[in-house]
Amino acid sequence: MDRYERAILRSEIEEFLAYEALLLDTLRLEEWLDLFTDDVVYQVPLSFNVRHDERADATSRLGQDICWIDDTKDVLLMRVEQIRTGVHWAEEPLSRSAHLISNVVLEDIALPTVNVSSRVLMYRNRVASDTDILVGRRSDQLSQDQDGTWRIRKRVVYLDQSVLMQKNLTIPI
Amino acid sequence: MSTQPPSHTAAADLIDMDHGLISREAFVSEEIFAQELKNLFPRSWLFVGHESQIPEPGDFFVSRMGVDSVILSRDDSGAINVLLNSCRHRGMKVCRYDEGNTMEFTCPYHGWAYSIDGSLVSTPGELYGVPKYVHSYQRKLDKSEWGLISCPQVKNYRGLIFANWDPEAPSFEDYTGDFHFWLDNLADGLDGTEGAAVAFRGVHKWRVKANWKFIAENFLGDMYHAGPSHQSVEVVGIGPGGKGATRSGHESYDYSRWRETSFTELGHGACDFADHDIPYAWASFPEKHFQDYYREAWEKKVEKNTALGRPLGAAAPATYFPNMSLHSQWMPRTILVAHPVGPFETEVWRWYLVDRDAPDFVVDYMRKYVVRYSGPGGLTEQDDLENWDYATDASRGVLAQRYPYNYSMGIGMHEPSARLAGAVESTATPTEENARNFYRRWARLVDNEDWKSLMANVSPVKDEITDGIEV
Chain A
1 MDRYERAILR
11 SEIEEFLAYE
21 ALLLDTLRLE
31 EWLDLFTDDV
41 VYQVPLSFNV
51 RHDERADATS
61 RLGQDICWID
71 DTKDVLLMRV
81 EQIRTGVHWA
91 EEPLSRSAHL
101 ISNVVLEDIA
111 LPTVNVSSRV
121 LMYRNRVASD
131 TDILVGRRSD
141 QLSQDQDGTW
151 RIRKRVVYLD
161 QSVLMQKNLT
171 IPI
Chain B
1 MSTQPPSHTA
11 AADLIDMDHG
21 LISREAFVSE
31 EIFAQELKNL
41 FPRSWLFVGH
51 ESQIPEPGDF
61 FVSRMGVDSV
71 ILSRDDSGAI
81 NVLLNSCRHR
91 GMKVCRYDEG
101 NTMEFTCPYH
111 GWAYSIDGSL
121 VSTPGELYGV
131 PKYVHSYQRK
141 LDKSEWGLIS
151 CPQVKNYRGL
161 IFANWDPEAP
171 SFEDYTGDFH
181 FWLDNLADGL
191 DGTEGAAVAF
201 RGVHKWRVKA
211 NWKFIAENFL
221 GDMYHAGPSH
231 QSVEVVGIGP
241 GGKGATRSGH
251 ESYDYSRWRE
261 TSFTELGHGA
271 CDFADHDIPY
281 AWASFPEKHF
291 QDYYREAWEK
301 KVEKNTALGR
311 PLGAAAPATY
321 FPNMSLHSQW
331 MPRTILVAHP
341 VGPFETEVWR
351 WYLVDRDAPD
361 FVVDYMRKYV
371 VRYSGPGGLT
381 EQDDLENWDY
391 ATDASRGVLA
401 QRYPYNYSMG
411 IGMHEPSARL
421 AGAVESTATP
431 TEENARNFYR
441 RWARLVDNED
451 WKSLMANVSP
461 VKDEITDGIE
471 V
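Which chain is which? The protein sequence lines are A and B, in order. Taken in order, the first sequence gives residues 1 to 173; the numbers are from the working numbering. Taken in order, the second sequence gives residues 1 to 471; the numbers are from the working numbering.
Simulated from the structure, these hints should not be mistaken for lab results. Computed from a predicted structure; not experimentally measured. For every residue, glycine included, the Cβ atom is placed at its ideal position computed from N, Cα and C. Every clue listed holds true.
Below are the EDC-like pairs computed for lysine to aspartate or glutamate, each with C-alpha atoms no more than 20 Å apart in a straight line: (1) 452/B with 265/B; (2) 243/B with 74/A; (3) 205/B with 132/A; (4) 209/B with 132/A; (5) 368/B with 65/A; (6) 243/B with 30/A; (7) 368/B with 38/A; (8) 209/B with 393/B; (9) 368/B with 355/B; (10) 368/B with 39/A; (11) 155/B with 56/B; (12) 205/B with 65/A; (13) 243/B with 254/B; (14) 368/B with 74/A; (15) 243/B with 38/A; (16) 38/B with 347/B; (17) 155/B with 59/B; (18) 154/A with 364/B; (19) 304/B with 275/B.
Some chain A residues close to chain B (C-beta under 7 Å, calculated; not the full set): (20) 50; (21) 60; (22) 68; (23) 164; (24) 167; (25) 168.
Could you put together the complete structure from these sequences and hints?
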């Protein structure tokens, strides 16, 4: 892949991630769900304070240890459905959220699959002064359909907190 | 020095349990919070961790007791210690890792080194390395007097590690009483094998702007909130039965024969009762291997318990006084500790348990199920967290504080438990009797009533607590 093709690909993927954030932040949740493959695995591991020479143990071992979020597509659907009931009090009234995506790096390109690293800052404000800011690093595996649609097949979000400094994770990060 | 007695609010003045009224001040007062830190937590048996987190000598897990950081460690002799995580010299935390393995803790500040290696020291946590010991201390410092403070009472109950800073506090057995049946179901295997549960690696730790007591109250007997608060999670089907079944897997809950249990003197409370013999919800699992696993475990448990004359209930949410809550074998299996941070903030910790010998498919299912139920990402717990936050928030109002909370549900609607010592069972569910007895006990501890008086009316247990694990 030459530099120009790579630049175009990067631009496409950046826009895809921004589009995903737009859907989430404007509560177009059903369209947001469609951006994930049916076999998606979406995980947010815990972070641990460990010795400098034990970095392999610094986050939850995926598939083994407890995570904050350890979802498959059916659970993402449940989360959206729960919000739509209008009686999920943690999201009723609905929060205002902003997902700021940056630092997009294409780590591994094997089209139609691309591994993408990015940074996410999720700002959440609800009711009056109830405000949280959470930062993480996303490690995504995106794959492209024959018609050119990108979807997320795998997402791991590494949060930059060990004790989570907010009461909930109602909105996916 | 003034000869006037210090004037402060007594916790007892904030509660009127005969009429079911609690002043909001109990939840927002800095003064009451300070009294809790001084008189309640340092005298209570607090959950510190699970033995499976520290299986090998040198293993440690940093935990909390009240607002104090503690190191739960296993020394080279295999014994379990709970050490205050603060250097005796200038207070620096000697361990700022969450977990790991070491035989010594060296303070980064001035280099004082403490050991749990029996070949170096005679007491675990003793000071053995002091830079400039000869040159500047002239060997005059008595190292044996300056070790890490070791918690005087530590109990390993079927793998659950509890500790109490007060050497005068009653034994774990006397403090726990017949509430142990709920702890048994938490710590034992689903088939009744003693102490067969292990903790998943990864303890949820997160902050909520709420008073810790709202959290403790939720699990000790608030069956009332489940309907309105958890409406939304019941729609989406997070349990094994999916949509149409409940969040914990059972097809429905039968409230007609449901009773709550309250320990009138000890303050522990449970949402169910000891003889609440609801089988595991194996039928809700679509796959046969899951159904077989849970059904066989239940059958073994029934056989074992029946032979021993032990009850089959004691599985539903409960709170071990004051701030440790649990779901025993009522899915999800999890321990919560509501660590006080301030009157308006709590750091909640959650451990998740599974049977040591559970097959991979069960471990894998449970690992994912527990976090979509509980924790900040849990579809059930999120609505509880929201309630606790805004209940605390609204109680800060000036006008709001003039009006007490209503805790009058179910006054007089209980009868003594036939099976358990010192316990009553509600004749109507839900009830707030559990909360009333919790706050009665709370006020007595907070107001620094002495142990002789506190235990004067505690009945001896009717059932022998069978566990003799040496710490």
